[in-house]
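K.L.:
Take a look at the letters that make up each chain.
Protein chains: 2
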Amino acid sequence: MDGYLYWRPASRLTVLAHLFGIIAIVLLLVWLLHFREGMNLDSDNPFRIFNVHPFLMFFGFIFLAGEAMMAYKTVLAARNVQKVAHMFLHLVAITLGIVGLHAVFKFHDRANIRNLYSLHSWIGIGTFSLYILQWLFGFITFMIPQSSIDGRARAVPWHISGGRALLYMAICAAETGLMEKVTFLELQHGRETLLVNFLGLAILLFGITVDVSVALARYR
Amino acid sequence: MDGYLYWRPASRLTVLAHLFGIIAIVLLLVWLLHFREGMNLDSDNPFRIFNVHPFLMFFGFIFLAGEAMMAYKTVLAARNVQKVAHMFLHLVAITLGIVGLHAVFKFHDRANIRNLYSLHSWIGIGTFSLYILQWLFGFITFMIPQSSIDGRARAVPWHISGGRALLYMAICAAETGLMEKVTFLELQHGRETLLVNFLGLAILLFGITVDVSVALARYR
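Line by line, the protein sequences are chains E and A.
Each residue of the first sequence is one higher than the one before, counting from 1 in full-length UniProt numbering.
Each residue of the second sequence is one higher than the one before, counting from 1 in full-length UniProt numbering.
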């Protein structure tokens, strides 16, 4: 099985995490494409530019970051394969997250809205900056062969706790983002509100099942 | 030291958690008493009734729940004292949380607003219901002498992971609540927005430092 990834059949929580993640992606697409204006980073309609932001921040950033966490702990593979998959999926998450952030700054620019005034934007930009730092710190500590084994062992609990905190911070950013958009649109009832509420729940349950599946894998 | 609580000097993260918790309580009070209408559960002004809700949901529910988590893992005391303190602080958190929930239902009733339509309310009521279930489950499993040792050992990882998920769910509920209120008030700049953003950050940092201090205590 060297270098070959396959799923440990017992990790039902991982299956649940994927289920919630995929439900969230589907609900997000229904919301943005059916109820909202669709997505296009080069549109004349600023709202179509904006819509790229929630899609990439969940599918690109949060979903792939969750996959990266689960790839390390719940997929049976050679240790090096797990590490490289973990590092690489986080790198893709960072890249797509940057495009998602670009979308909202471009929207603000077009619609003449100030940047970074809301609680959502503070939590979001704080999470993303610390996430990049965590990636750099992890790369230097765990991927460069020269680092000392003792230093690695001491860094592990901080890397795990920090990563988990960042996962939940990203979930908080997503929930406040949905809350801001929905309150701004003054949706109070109807199918769109229900859809966004279920989307928020699916994102929250994705975060929880990723965390718990990774945590319980450590107890085995 | 039997039955006598004192602080382990090394747990600097616990000190940080208290610092963030107290900062959040102070910012919350400045916000509700200075910028908003004040608090009174029996007022004629529905907004004064409402303001009891954010105060009790943070100070009563989240802050005391965090204290309960830290009391078990980071305070040196006889095991039974730790357990009873943990159980009792969570019980007080539930009690004050119920009063906090009563406040917002009473406000909706007075101001003729529908209950439980927003994402914030869904996350909040879901978190609170699961929190009560977790308390009952914990009480039956860990406090009743008849339960089997083997059953307890199997329940521990789930109790820990579930408790942590509930802590972050409560933080998400708080952040979405602040986001809803601020977007509803159409605050976009000025001192009140800044105050609420710093309040949101303090609540988030309280949650993270509680989680990480409890998690790192387990690695020792």
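Be careful, since some hints might not be right.
[To be verified] Heads up, simulated BS3-like pairs for lysine-lysine below, C-alpha to C-alpha not over 30 Å straight-line:
(1) A/K106 / E/K106
(2) A/K83 / A/K73
(3) E/K181 / A/K83
(4) A/K73 / A/K181
(5) E/K73 / E/K83
(6) E/K73 / A/K73
(7) A/K73 / E/K181
[What the hints assert, rightly or not] Okay, the calculated beta carbon distance ranges per label pair:
(8) E/V99 / A/M143: 48 to 54 Å
(9) A/A111 / E/R154: 29 to 35 Å
(10) A/H189 / E/I149: 31 to 37 Å
[To be verified] Partial chain E-side listing against chain A, Cβ under 10 Å, derived:
(11) L76
(12) A78
(13) V81
(14) Q82
(15) S129
(16) I132
(17) L133
(18) R191
(19) D211
Hints in this document: simulated from the structure, not taken from any laboratory.
Given the structure is predicted, the values throughout are model-derived calculations rather than measurements.
Heads up, the beta-carbon is just placed ideally off N, CA and C, and yes, glycines get one too.
K.L.:
Does each hint hold? Answer for all of them.
P.N.:
Outcome of the hint check:
About 42 Å separates the Cα atoms of A/K106 and E/K106, which puts this hinted pair outside 30 Å; it is violated. Restraint check for A/K83 and A/K73: satisfied, since their Cα atoms lie roughly 10 Å apart, inside the 30 Å limit. For the proposed pair E/K181 and A/K83, the alpha carbon gap of about 43 Å is over 30 Å, so the pair is violated. Between A/K73 and A/K181 the CA atoms are separated by roughly 35 Å; this puts the pair beyond 30 Å, and the hint is violated.
For the proposed pair E/K73 and E/K83, the alpha carbon gap of about 10 Å is at most 30 Å, so the pair holds. This hinted pair checks out: E/K73 and A/K73 have alpha carbons roughly 25 Å apart, not beyond 30 Å. Proposed proximity of A/K73 and E/K181 is contradicted: the alpha carbons are some 39 Å apart, above 30 Å. For E/V99 and A/M143, the Cβ-Cβ distance of about 51 Å falls inside the hinted range of 48 to 54 Å, so the restraint holds.
Taking 29 to 35 Å as the suggested C-beta distance range, the pair A/A111 and E/R154 does not conform, at roughly 54 Å. A/H189 and E/I149 have their C-beta atoms about 51 Å apart, which leaves the hinted 31 to 37 Å range violated. For E/L76, the interface hint is violated, the least distance from its beta-carbon to any beta-carbon of chain A being 20 Å, above 10 Å. For E/A78, the suggested interface contact is broken, since its CB lies about 26 Å from the closest CB of chain A, more than 10 Å.
For E/V81, the suggested interface contact is broken, since its CB lies about 26 Å from the closest CB of chain A, more than 10 Å. The restraint placing E/Q82 at the interface with chain A is violated, with a minimum CB-CB distance near 21 Å, outside the 10 Å limit. Hint status for E/S129: violated, given a least beta-carbon distance of 13 Å to chain A, over 10 Å. The interface hint given for E/I132 is violated, since its Cβ lies 17 Å from the closest Cβ of chain A, which is over the 10 Å cut-off.
At about 15 Å, the closest approach between the beta carbon of E/L133 and any beta carbon in chain A exceeds 10 Å, and the interface hint on this residue is violated. With 10 Å as the threshold, the beta carbon of E/R191 stays out of range of chain A, its nearest partner Cβ sitting at about 13 Å, so the hint is violated. For E/D211, the shortest C-beta to C-beta distance to chain A is roughly 6 Å, which falls under 10 Å, so the interface hint holds.
Consistency with the previously given hints fails for numbers 1, 3, 4, 7, 9, 10, 11, 12, 13, 14, 15, 16, 17 and 18, ordered from lowest to highest.
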